[in-house]
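Number of protein chains: 4
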Amino acid sequence: MEKRVQEFLSPTAEESERVGSLVVLPHRTGKTPSFFEGFALLGVRIDRIEPGFVCCSFRVPPRLTGADGNLSPGAIAALVDEVGSAAMLADGHQTKVSVDMSIAYMSPAKLDDELEITSRVLGHKGGYSGTVVLFKKKTTGEVVAEGRHSMFGNFLSKSKM
Amino acid sequence: MEKRVQEFLSPTAEESERVGSLVVLPHRTGKTPSFFEGFALLGVRIDRIEPGFVCCSFRVPPRLTGADGNLSPGAIAALVDEVGSAAMLADGHQTKVSVDMSIAYMSPAKLDDELEITSRVLGHKGGYSGTVVLFKKKTTGEVVAEGRHSMFGNFLSKSKM
Amino acid sequence: MEKRVQEFLSPTAEESERVGSLVVLPHRTGKTPSFFEGFALLGVRIDRIEPGFVCCSFRVPPRLTGADGNLSPGAIAALVDEVGSAAMLADGHQTKVSVDMSIAYMSPAKLDDELEITSRVLGHKGGYSGTVVLFKKKTTGEVVAEGRHSMFGNFLSKSKM
Amino acid sequence: MEKRVQEFLSPTAEESERVGSLVVLPHRTGKTPSFFEGFALLGVRIDRIEPGFVCCSFRVPPRLTGADGNLSPGAIAALVDEVGSAAMLADGHQTKVSVDMSIAYMSPAKLDDELEITSRVLGHKGGYSGTVVLFKKKTTGEVVAEGRHSMFGNFLSKSKM
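Residue numbers (full-length UniProt numbering), protein chains in the order written: chain A, 1 to 161; chain B, 1 to 161; chain C, 1 to 161; chain D, 1 to 161.
Hints were generated in silico from the structure; no laboratory data involved.
Any given hint could turn out to be false.
Unchecked claim - In silico DSS-like cross-links for lysine-lysine, where the CA-CA straight-line distance does not exceed 25 Å:
1) K138/C to K137/A
2) K96/D to K110/C
3) K125/D to K138/B
4) K136/B to K125/D
5) K136/A to K125/C
6) K125/A to K125/C
7) K96/A to K138/D
8) K96/D to K137/D
9) K125/B to K136/A
10) K110/A to K137/C
11) K96/A to K137/A
12) K136/B to K96/A
13) K96/C to K110/D
14) K137/A to K125/C
15) K125/A to K96/C
16) K110/B to K96/A
17) K125/A to K137/D
18) K110/B to K125/D
19) K125/B to K137/A
20) K136/C to K125/D
21) K125/B to K3/D
22) K96/A to K96/D
23) K125/B to K96/C
24) K125/B to K96/B
25) K96/C to K138/C
26) K96/A to K96/B
27) K3/D to K96/C
28) K96/D to K125/A
29) K96/A to K3/B
30) K125/D to K125/B
31) K138/C to K125/A
32) K3/B to K3/A
33) K110/A to K96/B
34) K96/D to K125/B
35) K138/A to K136/C
36) K96/C to K137/D
37) K137/B to K125/D
38) K136/C to K96/B
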């Protein structure tokens, strides 16, 4: 049992080397872009922006699939975080810090599946905001996942942005 | 507004180039390791394994921080997925597919923060299993995040494992 | 501090007497109706039923408000459970056991507020099913709460229903 | 199908009459106790209170069981709300409004099952606080449910309470 857990949590030598050889420099907070965000977002195309609503397209890339060949639950969560935050911006709010996220994984998205990712603001309550992010397969309309992302911020007025 | 959304969802030219230059080949399902899993897991050290329980250490690496310099919500979710699944294995079960995940983000983990990540099985209900994953700062004991991860599987008997 | 906790968790003498005087007999499983379900559901009016979709109206009654005068989070959860299950039935599935529920509370619903409660099936994955339940104020369209309810069942074929 | 949905969402005549005959007067906000809270809480016995931690006992009463004879998911949510808030008070904080709740239902609790309900504060982040509530069967230690409850408040100083 211990051996299986160890194997499961240990990248193979090949993957360790590949990930370890990535040179990601610590960035200065808020000053430089984030490698992780680029890693999650590269390939997301924005199709439509409305107040409190964003609609995107995304083709599942090899870098975000898990050992089962499907878009990884963690990658879906990273997209819920980013695309949910984009709906906040589309509502004229600033980005905020994540406080709660929950995701239902309904159907696997395979490599090269073309997805529609829509994000909409549920509402605001003081500095707290809720968004919902829906992942569907473009060809069938089947729901891949639904995520909810609650954020909180206590920022200065918009005029100070 | 549209411009801010577009900027937010677009990696910078530099990050696009860096991520785009990663050569990640589609892997054969279940046959080859996953780049994404190695990307999330590299650096996780297992400290203790007990039935239904796993305790790990992890130092926040630059590759998993967001634009605010903290361990990204999506990276935390990827770790909830993987370390939660490891607790399943430590309970003598096979890994299963994710059905629900929810995470409360309590306190930011900064670059180089040393974290303790513990994962334990809540229980099993038919083919459905629940796990809880807790992220704490080693120095202060402060909770960084708590995640819950529900999985479902309908696999062959353990003897086939 | 202890005193405040004790007071908080103790119904007043008047409420204890009123609740204690309810004579609720243990019902035979699956044979007799449930007092709790009637308590949560009384007053729910069905406006529309479509495959995988149910739309209801509900006026917030005094019995379901908390000490702050608003529809209680627990009562909202009870409605997510029941109205979410109804969407399952509207999709030709049987009711199933709850496995995961998550709710974002966006805006208080006050006594006598008229709500629209819509419930739709997200999808099915083996015996597992996901539903989403949305509570809105009829007059303003404001979102009161959004709930997600995952269920699991391993029942006989529909012909046996 | 429509008929099944209608039957499912309609209390029986007997239950309608019983619930309808409850005379619950609208209470003045913050002034009078809540029938719903007494309905959920009656029978909860506090065993231990520590800073940020509350441990209670509860025997499943007939009034909170569903049609399947088990403690209803909605009743569990009402207890997560109340007992989670009690842990907040036990941490020297005021009660706050619910913003997010999520629950994993692991094992049914039957009528008259004796439960241990523990609630602990995960942490505070500005006005936002997280709590975790765990339901176990006293005889077996089996987990019935785990809930997470996030609250938010922006109240005056404690001296003003």
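Inset, instruction - Compare the distance between the alpha carbons of K137/B and K125/D with 25 Å, and conclude whether the hinted pair is satisfied. - result: Judged against 25 Å, a Cα distance of about 15 Å means the pair holds.
Legend entry - Agreement of K138/C and K125/A with the hint, judged by alpha carbon distance not exceeding 25 Å: 18 Å, holds
Legend entry - Hint consistency between K96/D and K110/C [alpha-carbon to alpha-carbon, up to 25 Å]: 17 Å, holds
Legend entry - Holds or violated: K96/D to K125/A, with C-alpha atoms at most 25 Å apart: 13 Å, holds
Inset, instruction - Could you grab the alpha-carbon distance between K125/A and K96/C and see if it respects the 25 Å cut-off? - result: Since the Cα atoms of K125/A and K96/C sit roughly 33 Å apart, the hinted pair is violated (cutoff 25 Å).
Legend entry - Pair hint outcome, K125/A versus K137/D [Cα-Cα no greater than 25 Å]: Measuring from Cα to Cα gives roughly 37 Å; hence the hint is violated.
Inset, instruction - Below or equal to 25 Å on CA atoms is what counts here, so check K3/B against K3/A. - result: Outside the cut-off at roughly 50 Å; violated.
Inset, instruction - Mind checking the alpha carbons of K125/B and K136/A for me, to see if they're no more than 25 Å apart? - result: 28 Å, violated
Legend entry - Proposed proximity, K125/C with K137/A (alpha carbon, max 25 Å): 15 Å, holds
Legend entry - Hinted pair K125/B and K96/B, Cα distance within 25 Å: 13 Å, holds
Inset, instruction - Below or equal to 25 Å on CA atoms is what counts here, so check K138/C against K137/A. - result: 32 Å, violated
Legend entry - Restraint status (C-alpha distance of K96/A to K96/B at most 25 Å): Roughly 33 Å between the alpha carbons, so the hint for K96/A and K96/B is violated.
Hints 1, 6, 7, 8, 9, 10, 11, 15, 17, 19, 20, 21, 25, 26, 30, 32, 34, 35 and 38 from the earlier list are contradicted by this structure; the remaining hints agree with it.
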